[in-house]
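Participant: Produce the entire structure from the sequences given, and follow the hints as far as they go.
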Amino acid sequence: MSVDFNEVYEQFKLPVWRLARRLTRSDEEALDTTQEIFLRVWRGLPGFRGEAKLSTWVFQIAWNYLRAYRRRMGRNLQFIGEGNHGDCEPAMIVRDRQADPERRAAAVEMLDRVEDALRELPEHYRVVVWLRDGEELSYREIADALDLPIGTVRSRLARARDALRRIMEI
Amino acid sequence: MEDERIERLSRLIDGDLTPAEERDSRARLESDPALAADLAALTEIRQSLAALATSERAPAVLDTLVEPLLRGRPEPIAIRPWVRWLAIAGLTVVFEIYFGHLAPGVEDKLARQDLQPAAEPTQRFALAPLPTSSVPPEKRLIGVSERLLASPIPDVEVGHPPALEILGPLEEEVGDELSPPQDAVLGSREKNKSEFAGVSAGRSDESRTRDAPPAPRPASEITATAKVGEDEDVSTRDAASSDSRLWRDRTPAGRGQIFIFVEEETAWRDFEANAICFPGRYAIRVKVGAGVVTKVWPVGGATWNKTSWRLCPGKLVVGLTIDGVPDGEYSAEVVVEPRDAGR
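So the sequence lines, in the order shown, correspond to chains H and C. Heads up, the first sequence is in my numbering, so the first residue is 6 and it goes up one at a time. Heads up, the second sequence is in my numbering, so the first residue is 68 and it goes up one at a time.
Treat the hints with care, as some may be off.
Stated by the list, open to error - Output of the computed footprint for chain C on chain H, the stretches with three or more beta carbons under 8 Å from beta carbons of chain C: (1) 68 to 77; (2) 130 to 138.
To be verified - FRET-style restraints, in silico, Cβ to Cβ: (3) Glu141/H / Glu97/C: 52 to 62 Å; (4) Ala103/C / Glu33/H: 38 to 48 Å; (5) Gly82/C / Met78/H: 29 to 39 Å; (6) Thr157/H / Thr388/C: 44 to 54 Å; (7) Ala73/H / Ala94/C: 45 to 55 Å; (8) Val8/H / Ala154/C: 25 to 35 Å; (9) Phe328/C / Pro154/H: 41 to 51 Å; (10) Arg93/C / Thr157/H: 22 to 32 Å; (11) Trp364/C / Thr157/H: 14 to 24 Å; (12) Gly52/H / Ser98/C: 51 to 61 Å; (13) Glu88/C / Glu107/H: 54 to 64 Å; (14) Ala104/C / Glu33/H: 56 to 66 Å; (15) His129/H / Ala350/C: 35 to 45 Å; (16) Ile155/C / Asp117/H: 20 to 30 Å.
FYI, nobody ran anything at the bench for these hints, they're computed from the structure. Being a predicted model, the structure only gives us computed values, none of them experimental. Glycine residues also receive a C-beta, built at the ideal position from the N, C-alpha and C atoms.
Facilitator: Written out as structure tokens, the structure reads:
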């Protein structure tokens, strides 16, 4: 099965970068790790035989790398905070430009709240809820990518959503 | 919210419920405003996360970083110059230490051993794919021990036995745990004809104490002893038993004894095997009720022993009558002799 790397990159660069950003919680590290992930995708692509879905395979590589990266880095991680958006600060965050200023402000506030709440979740909950709600992967795809039983995905997803609800006090 | 309730709502949002479950959930939502509020909150979170995802754009610098890959050349990726020079210097030092001028070359080493260098591989294999879901769950290593631990120990069936003798304390241990009971080893060159005949007449003679009164021999033993003389020449069988016939050979069991340790006394009896087990000694725990062995548990055993294997003697002794032993649970031992022992 022949898959063109350029197509894979175009299809997954945003999802992989978003996942990296969620898990590293740093824009700079998200860039570095995304680059490393695609290097691994590039190396592994000739051996990809289509036994798994491409999305599952890519996210599996991403998750394995990010998890190992987090372990290596331990606690020495930078956290996205006020004014810590690095080189890509305003350009990469595109909020609802169509809405009126008041609605736009409310929407931006909501996104900030959910982003902050997400940051507080433990990693194994954060990745599940993000892959489901952010990247819209199916339960099966998440289970395959994270190498978890599907029942675990269900329960973690429910707990993650419940935790977000509590943190955001909705 | 309790876990089950929140999971049901979460699955409802994702359309993961069966039609019946969904109908049930919808009905509950109509009658439970708090549940409906929870559902609305979870839905809002889901939508917020989706909105967060769509609001983000990958930075353009990412394309620049990955460009070498897009052009099929991964080398120039993000290695800072000083890191590169440091790596080169380090590798040079390591190379000099291990493969420097003083160390003999590979060819020299091979020549000393009169060997030829290996040929260059003619075929190189692509990278293997990463582990995927194609590995079925039962073949994954994680969870095997949990499944084994969770598997129930089957009860064994009740058989039909004869009578029991109660003896004094068991002071003399016969044999050891790693070898067969001496009296059960067939073809022992040290044993003469009469001694061998005595084996079938009773392991009991060796098991009891010197001070204990001799127990009357059960009728089954006497019958078995008589068969030795009738059916077979012992010396012939002795010669036929070679060293290759190890006591652990999978020989169908012929007979055995059970020893039940009741405080200071040992209750024992012979029995005829009605099942096939490996010959040997089995530590077990037994439950006695109304003078009958009603239940058996295996005790210890090597980890590679299957539970069914360790339970095998249970099939032989469950249901045996054991007059004189009070109701309760006791440590016990079963000795299973090879089929032709004492026959």
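Participant: All hints, please: hold or fail.
Facilitator: To see whether the hints hold, each was checked on the structure:
no. : hint                            : in the structure
1   : 68 to 77                        : violated (count 1)
2   : 130 to 138                      : holds (count 4)
3   : Glu141/H / Glu97/C: 52 to 62 Å  : violated (28 Å)
4   : Ala103/C / Glu33/H: 38 to 48 Å  : holds (43 Å)
5   : Gly82/C / Met78/H: 29 to 39 Å   : holds (37 Å)
6   : Thr157/H / Thr388/C: 44 to 54 Å : holds (52 Å)
7   : Ala73/H / Ala94/C: 45 to 55 Å   : holds (47 Å)
8   : Val8/H / Ala154/C: 25 to 35 Å   : holds (32 Å)
9   : Phe328/C / Pro154/H: 41 to 51 Å : holds (46 Å)
10  : Arg93/C / Thr157/H: 22 to 32 Å  : holds (26 Å)
11  : Trp364/C / Thr157/H: 14 to 24 Å : violated (34 Å)
12  : Gly52/H / Ser98/C: 51 to 61 Å   : holds (55 Å)
13  : Glu88/C / Glu107/H: 54 to 64 Å  : violated (40 Å)
14  : Ala104/C / Glu33/H: 56 to 66 Å  : violated (40 Å)
15  : His129/H / Ala350/C: 35 to 45 Å : holds (44 Å)
16  : Ile155/C / Asp117/H: 20 to 30 Å : violated (46 Å)
Figure legend: structure checked against the earlier numbered hints; hints not met, in rising order: 1, 3, 11, 13, 14, 16.
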